[in-house]
Each structure stands twice: as C-alpha cells, then as structure tokens.
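J.: Chain by chain, the residues run as shown.
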Amino acid sequence: MAETSTSVIASARPALDEALLKAVAATLGGDAAQVSRRLEALARYETAADPDRVRHLWRFTNPASLLPASVAGAAASGPVPAPAAPVAGASVTIDLWPGRAPAVQTAEDLPVGALTFTAADEPFPSGKALASDLFGALGDAAWNAGVGLKVADGAKLAGPIHVRIHASAAASLPRLRLEVGRNAEAMLVEQHIGGGPDVCVVGRTVISAADGARVRHAVVQVWEPGTSGHLAVETRAGADADILTVCGVFGGDDTKLELGTDLAGAGAHSEIIGVALVAGKQHADVHTSHRHLAAHTSSRIDYKAVAGQQARSTYTGLIRIEDRATHCEAYQENRNLLLSSRARADAIPELEIHNQEVSCSHGATIAPVDPEQLFYLGSRGLSPHESMGLVVRGFLENTLARLPDDARAMVESFTAPRLATIREGTA
Amino acid sequence: MSDAFLNPDHPSVVFACRGVRVFVKDGDTEKQIVRGVDLTVRRGEKHALMGPNGSGKSTLAAALMGHPSYRVEGDIWLNGERIDTLEPHERARRGLFLSFQYPVAVPGVTVANFLRASLAARRGTEIPVRAFRQELNAAFETMSIDPSFITRYLNDGFSGGEKKKLEILQMLLLKPAFSLLDETDSGLDIDALKIVSDGINLASGPDNGLLLVTHYQRILNHVQPDVVHVFMNGHLVRTGGMELVTALEERGYDWLAEEAAIPEGSRA
Ligand SMILES: Nc1ncnc2c1ncn2[C@@H]1O[C@H](COP(=O)(O)OP(=O)(O)OP(=O)(O)O)[C@@H](O)[C@H]1O
Ligand SMILES: [Mg+2]
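Just so you know, the sequences run in chain order A and B. All residue numbers for the first sequence refer to our numbering, where the first residue is 1 and numbers rise by one. All residue numbers for the second sequence refer to our numbering, where the first residue is 1001 and numbers rise by one.
Rather than coming from a laboratory, the hints here were simulated on the basis of the structure. A virtual CB, placed ideally from N, CA and C, is assigned to each residue, including glycine. You may find that some hints are simply not true.
[Said to hold, decoys possible] Chain A residues, not near chain B, derived (Cβ > 10 angstroms throughout):
no., residue
1, Ser65
2, Gln105
3, Gly394
[Unchecked claim] Residues from chain A that face chain B, not an exhaustive set, calculated with beta carbons under 8 angstroms:
no., residue
4, Ala33
5, Ser36
6, Cys360
7, Val391
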C-alpha cells in the first residue's frame, strides 16, 4: 500500500532545477547567499522522503493534492497590484505578492530601530519540529514572496505586524521569518487571502522567540474556493518565552496547516487556539506538534472545527516530551461539530512522553448538532438557520473566550461572515 | 367549561386539535403513542392534563409543538389558524409555547442572547438593548431568579428548579397565546412552586389559554384550572373539574382504566 501512494506522490512533485531557482531569486532581487540557500534546499527536495501516509500526520490527506502541478511560473512577476490601505492600528502592514518584493507600509509612531528587515529565508539554528521535509524543502527552494523581520531586544511594538499574503499565482510560495529579541513583545498577523481554481499555495513561516519574548501570532486563512495549499509554521521558544498562536481556517478546498512548536528553553509556554469552519466539499487538515525540549515548559491546545454539508475536518496532534524535559504540563483538546450527516471529522491526539514527571491530558470529541437543542430553540421562535447559528457560536464560545479581546475581535470578523454562509443548506 | 362541539376556528377558541395521533419509529415499523386526541380550549381557560407515567403526555405536548421526530396525524388550530403543517419556530412565532419537562442546555449561548433572539423572533422586530434589559430585569425579579443567570449559558448546569423557573420566565416574556406546560411543577421546592404558579397565573389572561401537565394537586390548587383531563394509553379518558383531581388523589388511575375498558397490559 505504502509503495503505491509513494509513487503517486513522487509523480506529483513539481519539477525544480537550478535555472528556475536562480530566476526566482533574480525576480525578488535575491543575493548570492539566497541563491546558494535555494540550491541547498533543492538538494534536500530531491532526496526528501515522501510524507508517510501510514502515520497519522498524513493519513487523512493526500499530499499530492496539496502540491502545485508546476512551479515553472514561480519567477514570473505579475502586474503591479494597486496598493491597498494599511491595516488600521498595525505597526507595519506588508503585502506579499508572488514574484514581487514585499510592499511595506510603516506606521509613523514605530520607534526607530524597534523593527528591522532580514532575509526572509535565513534559517534559525534550531531542530525541526515538523515531520515531513518535502513541503519545507520545496518552499525553501522555490519561495517567490517573502519577508523577514526582526524585533529588537526589549522592544514592544504598539500594533501588530500585519502581513497580507496574496495567493495570486498558480504556484504561490510565500514565506515569513520573524525573530523576536530577548524580552521583546510582538504580534504577527498572517492573513492568507486570494487564490482561486487551480491556485496552490505552499507557505512557510518560521518564528524564533528569544528568552523572555512574548509573541502573539495569528494565521488566518480565507482563500477563495478552488485554492489548495499547505502552510507550515515552525516556532522556537526560548527560556520563559510566551507564545500564543491563533489559527483560523476558513477558505480553500483541500488545505493543511501544520503548526510545530519547539519549547526549547526552560519555562517556555505555548498556547494554540484554533477554529476551523468548513462547508461544501472543503477538507481542512490541521496538525499541531509541541515538542517539550526543556524542563518546566507548558503547552496548551484548544482546537475546534465545525464542518457543514460534505466538508471534512482532520486534526492530528502530537505532544512529545523529551526525557530531560521534566515538570512539564501539556494539554490538548480537539472538538468537532458536524452540521450535517454527510460532514465528517477525524481526530487523532498523540502523546509521546519520555519521563514521568509531567502532567498531560488530551481529548477529542466528534459530535453532530443535537436535534433536541434545535427543537428547543425552535420552540422559542428561532428558525433552524438561527438555531444552528446560535449552537455553533455556543460551541466556539469558550474557545474564543480564551483569546485576548483584540485577537478575538479579529477572529470574529472572519467567523461571522463564514458562519452565515456555512449555515446554508446544512441538511 | 370546554365545549367539544365548538368549532375549532371559532373566535372564542384559542387552541384546538382534532384526531391527533402520534407515531414514533420503532425499528422498521411505527409505534403509536397518542391515539386520537380532541381538545378545545377557549380564551381565558386553563386546562390540566393528568395521567400515569408513560401514558404519552410529553409526546402529545412535543408533537403539538411540532417535534420533527414524530409523525403526527390530525388537525391543530391556534387562534383559528391551522398550524399542523408548520415548523416549530413558525408555531412559536404565532404564539404557541412549550415549557419542557426536561429543558435542554445550550452551552456557550448566554441566557441574555438567547432571550433577545427569541423575543425578536416572537415579536418580529429587534428589541433595543436598553428596553430589553429593563424587561429582562423585571422578569428576573418576578421569577426570583438571580440576575447573574442572565450571563450564564442556557440551562447549562442549572438545577432542576432553576430550569423550570427559567421556562416560566420565558413564558412571561414571550406572552404566548397558548402554552403547553409539561410538568413545570416537578422537582420544585415549596417556595419555587409558589413562584412558578404565580408566574403562570401572571402570564394567563382573558385572551390566552394553557394546558398544564402535572402529577400533583398542589400546583392545581395555585393555578385553579377550569377543566381537568385524564390521559391514559394515548387517549383522553375523562374530562371534568377539580373534583376529578380529588378522586385521582384518593383512588389512583385504575378505576378510570376499568371504566374506559383499557386492557390491563396497556394502562400506561
Ligand atoms: N421516540 C420514541 N421512541 C420510542 N418510544 C417513545 C419515544 N417517545 C416516547 N416513547 C414512549 O412513549 C411512551 C410515552 O412517553 P411520554 O414521555 O410521552 O410519557 P409521559 O406521559 O410524559 O410520562 P411521564 O409522566 O413519565 O413524563 C413511553 O412509553 C415512551 O417510552
Ligand atoms: Mg412526560
């Protein structure tokens, strides 16, 4: 069985070569160092093992459906897009378009020196938290839009770094790099927009939070129907660093989001709060991985998915606690609400614990909407449509309530319209 | 007194049904729970419905409200209009109300948000926040429910008595034309029973009606029904006044079953 799927993936891998990668680098104005990093990644790509479909991570999603058919057009630079207004309240608004240098709009009150730009693809010296390197190597080699940012030690940005990532090319390969200095505070909002039929996105974000840093990171995916894509986020947390990752999966057809967090320094804390709302024939796959590498680290995951019509939600989550990482705490919870008898959800939480001095818990539930709830609400005058809306919002409520007010408002600005469309035809 | 010969769409009738039969799925076949119920309630009337456990009282009430998992035969009128093909929310918007024997919890939905949505649905218009707050506070006071419940999740972790009080609070706010009250007195302490009864009486007026399902005389002493029905084995077997309640308290249900010639095996 594994062999069959391997060959399918192998034939689905888009072809890469040196000339193409040099052309992409040239389009973005990349230097020689960038070119050599791309060529190193090319070597990795050529030897990268296929994602293992037997193991949980890829059991429910075919990686071949998330690969672009070709990246031959990756070096093409499209027409210059009309500049969009900066996001209100943001310290920096950045638009990333495939084949173009980033468009940066900086707020006037941004303190000098607090935020500097770096290469978008320079690797951090860290272990790798995600299992498959195929997508990582592809992105590292052929990325065609990207920005790197560094928040200075001790700096506290007043507003978020808001990055609008436009999936405007058939092969959109964005990447983000954020380095948050010691005791610095920053919020990164990564908004994935655009896309359409035959658009495929392979995105990669790497974040490093130095000791004592406080990072809030939101990944919101609202692609147009027809889009497929794989987004990977790798975060490394130093000692006493505090990371909050908020994810919202709403758009696209077949999508996978992988969030890998290494709790590398003692006392680091990571919390992931996620919601997915899918309908039609969407398939939203979310994977989280928390690796506890140091003592006294803690992690918490609360991920909820709502699937209507024939949609499908998949969650796989791994908590791995190394033997030296004593006195850790890890919680993982995944709940799925099915709005229709044809909707489907799969959830596989996994624990790998290599020492005894830890406190861990995990749980997953998959349940349809309770018809008695709908009858009760109906008996009070609420239409099936209104009742379903209340039940779904109620389902998400205690998760959204964990978010800071501004993050909650932002997530709800996406959930509210998505909910309105999802409730249609939920039979 | 109720008049079975009154036309169900007569202006003095608030609620009526004829030949109501209720079937539930039972494997590949159907099981009949309610076997033909005729009821006529005039404006201003309060009816009581008593009957043994498992006789089908809750099934009848839920079916009249339009519960989707039952197949229902027969005709139902509310304010002269046929409602038997309408969905539950359409019946509710026209003024039908069901106080549940077991109110359902909806986690994550606050009592305030739920009540505001249902009031808007019943009245056909959004209610301004301030006016809603005032109305809500008054109703909470009437029902002696702590205002902190306004921000709690609907029926989530409520005690049995708290749930029942909230049901009657909804009756007060929604001002139904006709209320089906299914064992609203069950599980209430003496004070709560008084509060709930007072609430029911407050919500009752010359234009509306109710059917109160109960096992106990105590709430009937408070509510003073005009008509009392006895329900057994899916039928209304006897209709009378409060004297019927006294007779049931003394003699139980068996004598009625014998009179109605219900075979011993199916006296539920
Ligand atoms: N969906 C269903 N499927 C199978 N049987 C059902 C269903 N609904 C009700 N019944 C059965 O119908 C009968 C009547 O139930 P119902 O709850 O209406 O009784 P009740 O008169 O309200 O009893 P109680 O006084 O205990 O509340 C019971 O035997 C019950 O088990
Ligand atoms: Mg009952």
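J.: Now, for every hint given, state plainly whether the structure supports it.
T.: How the hints compare with the structure:
1. Ser65: holds (34 angstroms)
2. Gln105: holds (37 angstroms)
3. Gly394: violated (3 angstroms)
4. Ala33: Since the shortest Cβ distance to chain B is 51 angstroms, the answer is violated.
5. Ser36: Status violated, d = 52 angstroms.
6. Cys360: Interface hint status for cysteine 360 of chain A: violated (25 angstroms vs cutoff 8 angstroms).
7. Val391: Interface hint status for valine 391 of chain A: holds (6 angstroms vs cutoff 8 angstroms).
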